[in-house]
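**Q** Sequence:
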Amino acid sequence: MSERPHHRSLLTGREREIFQLLVKDFSTKEISQQLNISEKTVRNHISNTIQKLGVSGRAQALIELLRLGELSLD
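The letter at position 9 of the sequence shown is residue 9 when you use UniProt numbering, and the numbering goes up by one with no holes.
The set of hints was computed from the structure by calculation and includes no laboratory data.
Warning: the hint list may mix true and false statements.
Listed below are the simulated PhoX-like cross-link pairs for lysine-lysine, each with C-alpha atoms no more than 25 angstroms apart in a straight line [unchecked claim]: (1) K52 - K24; (2) K29 - K52; (3) K40 - K24; (4) K52 - K40; (5) K29 - K40.
Label-pair restraints from in silico Cβ distances [as the list claims (entries may be wrong)]: (6) K29 - A59: 12 to 20 angstroms; (7) K40 - G69: 16 to 24 angstroms; (8) G69 - S38: 25 to 33 angstroms; (9) K29 - R8: 25 to 33 angstroms; (10) G54 - Q33: 23 to 31 angstroms; (11) S47 - L68: 27 to 35 angstroms.
Using N, Cα and C, we set each Cβ at its ideal position, and we do this for glycine too.
With the hints as extra help, turn the sequences into a complete structure.
**A** The structure is reproduced here in structure tokens:
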């Protein structure tokens with residue numbers, strides 16, 4: 001029996017929601033409206049994810065999350 005049906009995600013649920021919207025080209029403002037949170041909170045989640053990944057910006061974070069299979073383009 002397989003012990004790894006789902007690997008443990010690097011992202012929290014909220015971080016995943018935010019990056020899925022970033023992949024779809026939503027702005028910080030649009031994401032904050034969609035998720036009913038402040039723009040500052042959106043930016044904080046993005047910054048936390050960038051730090052976790054050890055990359056230098058949101059574009060690199062998106063690429064790395066796609067490469068790791070944490071996000072998809074669908």
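**Q** Give a verdict on every hint.
**A** Hints, one by one, checked against the model:
1. Restraint check for K52 and K24: the C-alpha separation of about 22 angstroms stays at or below 25 angstroms, so the hint holds.
2. Straight-line distance between C-alpha atoms of K29 and K52 comes to about 23 angstroms, which keeps the hinted pair within the 25 angstroms bound.
3. Restraint check for K40 and K24: the C-alpha separation of about 20 angstroms stays at or below 25 angstroms, so the hint holds.
4. Of the supplied pair hints, the one linking K52 and K40 holds, its CA atoms being roughly 18 angstroms apart against a limit of 25 angstroms.
5. Of the supplied pair hints, the one linking K29 and K40 holds, its CA atoms being roughly 9 angstroms apart against a limit of 25 angstroms.
6. Range check, K29 to A59: Cβ separation about 18 angstroms, and the 12 to 20 angstroms hint holds.
7. A beta carbon spacing of about 29 angstroms between K40 and G69 contradicts the range 16 to 24 angstroms that was offered as a hint.
8. One distance hint, 25 to 33 angstroms for the beta-carbon pair G69 and S38, holds here, with the actual separation near 30 angstroms.
9. In this structure the supplied range 25 to 33 angstroms holds for K29 paired with R8, their Cβ-Cβ distance being about 31 angstroms.
10. The hinted range of 23 to 31 angstroms is satisfied by G54 and Q33, whose Cβ atoms lie roughly 30 angstroms apart.
11. A hinted range of 27 to 35 angstroms for the beta carbons of S47 and L68 is inconsistent with their spacing of about 18 angstroms.
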